[in-house]
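K.L.:
In case you want the letters, here they are:
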Amino acid sequence: MNNETKKLVWEPPFIQPHRMGEINKFGRARLHDNSKSSVYGVSVIELLRRFGSPLFVTSEKQIRTNLRNTKKAFERRYGSVVHGWSYKTNYISAVCNIMHQEGSWAEVVSAFEYEKARALGVPSNRIIFNGPNKPKFIIERAVAEGAQIHVDHLDELQLIESVAREQDKVVPVVLRLNFDTGYTEPWSRFGFNIESGQAHQAAKMIALSSHLNLTGLHSHIGTFILEPRAYAEQVRIMCKFMRELESNEDFCIDTIDIGGGFASQNALQSVYLPPEQVVPSINEYADAICTALLEGTQYRRQIGRELPRLIFESGRAIIDDAQSLITTVVGTKRLLDGRRAAILDAGTNLLFTAYWYNHQVHTTKPSEGTIADTVLYGPLCMNIDVMRHSVQLPPLSQGDNLVFSPVGAYNNTQWMQFIEYRPNVVLVHESGECSVIRMCEDLSVMMQQDRLPEHLSMPFPDTVAMNRVLNGSTIARRS
Amino acid sequence: MEELMSRAGGKVPTRERLSQLAVSETGFIFDPQTGQSFSVNPTGLIVLDLLKRGSTLDVASNSLADRCGIPTEIASSSVEAFILQLGRYL
Chain A
1 MNNETKKLVW EPPFIQPHRM GEINKFGRAR LHDNSKSSVY GVSVIELLRR
51 FGSPLFVTSE KQIRTNLRNT KKAFERRYGS VVHGWSYKTN YISAVCNIMH
101 QEGSWAEVVS AFEYEKARAL GVPSNRIIFN GPNKPKFIIE RAVAEGAQIH
151 VDHLDELQLI ESVAREQDKV VPVVLRLNFD TGYTEPWSRF GFNIESGQAH
201 QAAKMIALSS HLNLTGLHSH IGTFILEPRA YAEQVRIMCK FMRELESNED
251 FCIDTIDIGG GFASQNALQS VYLPPEQVVP SINEYADAIC TALLEGTQYR
301 RQIGRELPRL IFESGRAIID DAQSLITTVV GTKRLLDGRR AAILDAGTNL
351 LFTAYWYNHQ VHTTKPSEGT IADTVLYGPL CMNIDVMRHS VQLPPLSQGD
401 NLVFSPVGAY NNTQWMQFIE YRPNVVLVHE SGECSVIRMC EDLSVMMQQD
451 RLPEHLSMPF PDTVAMNRVL NGSTIARRS
Chain B
1 MEELMSRAGG KVPTRERLSQ LAVSETGFIF DPQTGQSFSV NPTGLIVLDL
51 LKRGSTLDVA SNSLADRCGI PTEIASSSVE AFILQLGRYL
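As they're listed, the protein sequences go chains A and B.
According to the numbering used here, the residues represented by the first sequence are 1 to 479, in order.
According to the numbering used here, the residues represented by the second sequence are 1 to 90, in order.
For reference, chain B alone in the conformation it holds in the complex (with noise of 0.2 angstroms):
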């Protein structure tokens, strides 16, 4: 996560950002401290459940790949990508 934050410029949200959203099991949420709500798609909310419960890197991609059937380094890159992304909302 370190390179990560480094790559985005400090802009990874921590988990502590994370278990303030207000998440339902079909992919709603909802951020209190902005007020703004957002959709996830399935593997999405995968991931955002696994890093909620301060799963690493390594692991929410291995999971995700094992869940879906595809090989880990494009798992893995997906999860960085989907980490950035909060990133810029969150």
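Excised from the complex, chain A in its bound form (with noise of 0.2 angstroms):
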């Protein structure tokens, strides 16, 4: 065939303006190319051909690295430090247990997390329980097994009163606070409140109750906290309370659990500037933090008691860049408005949190073609269904890859049973190797819970019948 005859690839005509280097919101077009054809040090091509797409992958060496960080960065200013995994952020087995072989403990907040926490072989004394909704067979379990129960609410001090009664122990328990620190929207939701008199009520009812004892503090004053400062009002409110209690009660407080809420290096759609220049680093939570522990503290040390036990239940900042998601293009369109945009095998049924975060988004191979603004849907038949709004790109083919980060926290937990099947998760070990630490759906994964009663066994019980006539079968059993 010659090159008259040759026909032409069909892409219906278009013309596009020139922005080159044109400063929007976003910043400078990004001129230069930024694909990464690895994630954590493994080709993704390998991955896909081994794992298929879309992928998450999750990198042990990160994990470790990020969780040693943080936790050094408090035990070098304070001491007695316990960093409790905050499960809902991301519960796959295998993630939970790097936590928990670095040293971690289980938080849990609800009956599943804790029954797996155990599953897992966390001992009972370092499962720290959360939640606005223990039912009262778990907290037979927790009561009989010595997990610490945060209380959230006065029906639940009652619960776990009577479960203490009838198990015949003294309960050690932890009061959930809220307060406002002037920093944040106060979550009262959660727990008792110090400014209504709540929480001291809760805590005179533990005082009188000859199977509860009042052993520690807890709050969590929010999420994505991008001022430090919070978190030392936050430990200043909390200590002089519990000075208050000491004064007036038999009470020793022996912990002081802060929480989590450190953001992680993603970008908030309703924040303005770039991550790396809003998010704090983890010295500068742990600066803050250990220094009004301190401060709040020094009564206890001058009167020779220990200090209490600072906790905190970071999830976020712990996994999210440790965990990436590899994408498939299946599809490209020209927008009416000019835009490009392109369909993946990935939308907010696996990335839940791109319904907040613009998550960074690369090319897995080196960009050709002018750079332009590109809109990013996911396979879902929903409008909402949009990875990216608005994100340079340069043109994108059927097949190629995308890959977004940082994608760890509440993905693989937030993520949908809806429409399309969710994918392997795959872990890069600190070798190098590469395994499935949670198998993809399929058809059996499905379908395992439904139940089909007997008379709707059959989709369409008349073409069943007429097989029946049509094989002989009835007229056989009438004969």
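If you are wondering where the hints come from, they were derived from the structure by calculation, not from laboratory data.
Any given hint could be a false lead.
To be verified - Lysine-lysine pairs mimicking BS3-like chemistry, simulated, CA-CA at most 30 angstroms apart:
| # | chain 1 | residue 1 | chain 2 | residue 2 |
| --- | --- | --- | --- | --- |
| 1 | A | K7 | B | K52 |
| 2 | A | K36 | A | K7 |
| 3 | B | K11 | A | K333 |
Taking the hints as your guide, dock the two standalone chains into a single complex.
P.N.:
This is how it looks when you write it as structure tokens:
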């Protein structure tokens, strides 16, 4: 075939104005190549060949490094520190056990999470049991096994006391508090409010009970907190409350739990500046918290009492950048407004955090063509299934791969089983070897929990009757 | 073209306007009137070349359909959309 008769590849005619170097609200258009052909040191092509697309890739080395650095930041400033791994952030078993091997306790918020921690082999005295919904059966188990129970509301407090009485035990409890730090929106729905006197009242009830012992205070001031001084104020208020309790009642608080909420290097859609400019380092958080804690517990040193143990329940800051999502372009479009668009094999069903973050997106091969504003859609039949509303990318084609990061926090737990199967999650071991840590779903997984009543066992009963007639079974039975 | 002009609110570039454009064989376009530059894809380059030489919508569509081996109806609606897009930029 010569050039004259060779057909041109069909693409609707299109003209694109040049806006090279133009400043927009996202900063200067990217002019350099930022493709990455490997994730955590492993080739993207090789990963997809072995495990398919889409694919979550998790780095054991990154998790351990993040956790060690975070713990070190607190330990060298305060000493007695425990990290509680927030299961809800990512409760894939391998991820949890990496945390536990590094010394983290399990911070769980439901019966399921408690049972999972125990099934993984976490000793009950290293389980922090948070959450507003703890049914009686799981409180009975937690009391019997000696887990650290955090009380969220009065009804729960009464339930714990009744279980303790039934088991003839004195149960140590941690009181969950809420209050206004002046920095963040108060989360008043969890725990007992200090300003209104609820917290004092709850403490008094515990003091009057012969089956409960108040041993700790807990609060969680919010999520993705960008201001370390908010934590300093939180600790100051908690220490003041602790001192009041210890001077009025016969309590000895041995635990101050400040919850979680440290920001990761992700870009919140509502924050104008990029994360590298607004997210504090872990040392800044630790500095604010530990300085306030040392000041607030000064009185205990003066009376020769031990300082309380500091527990922090950081999830996002430990795991977020330890996971990436590899996706594949299944088709491309031009939108009516002229922007490029691509449809990917992963959407908000897998990357739930795309609703509030602008994740980084990398191509996996060097850029060719003009970089332009592009919309990235997922595979769902929903208009809101948008992975990025606007990202500067080179022209994409079917089969190209894109890497989203950081995605480690809240996606493997909040992902939806909706329309599509959920894919493999793999771990890049410290040795560089890769293995599946959560198998992809298939039809058997999806139908495993379904139960069909007898009369609904056939979708088209009339066709079954017709088939019987046609193959003679009905006639044979009559004769 | 008249029907197209009425749908586009008169924003369809004339042949004279198109002939002002400097178009390279790789699809780089410079508009000396505004100083703006553009890129067209290969099919856009074919259509632009035809329009600059005075081809009608039908001729341009048939030619594109033939070059790409696609039905004329698809080519025709794409050429219409392309002309309207030119009108927005020129």
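K.L.:
Of the numbered hints stated earlier in the document, which are not met by this structure?
P.N.:
The structure breaks only hint 2.
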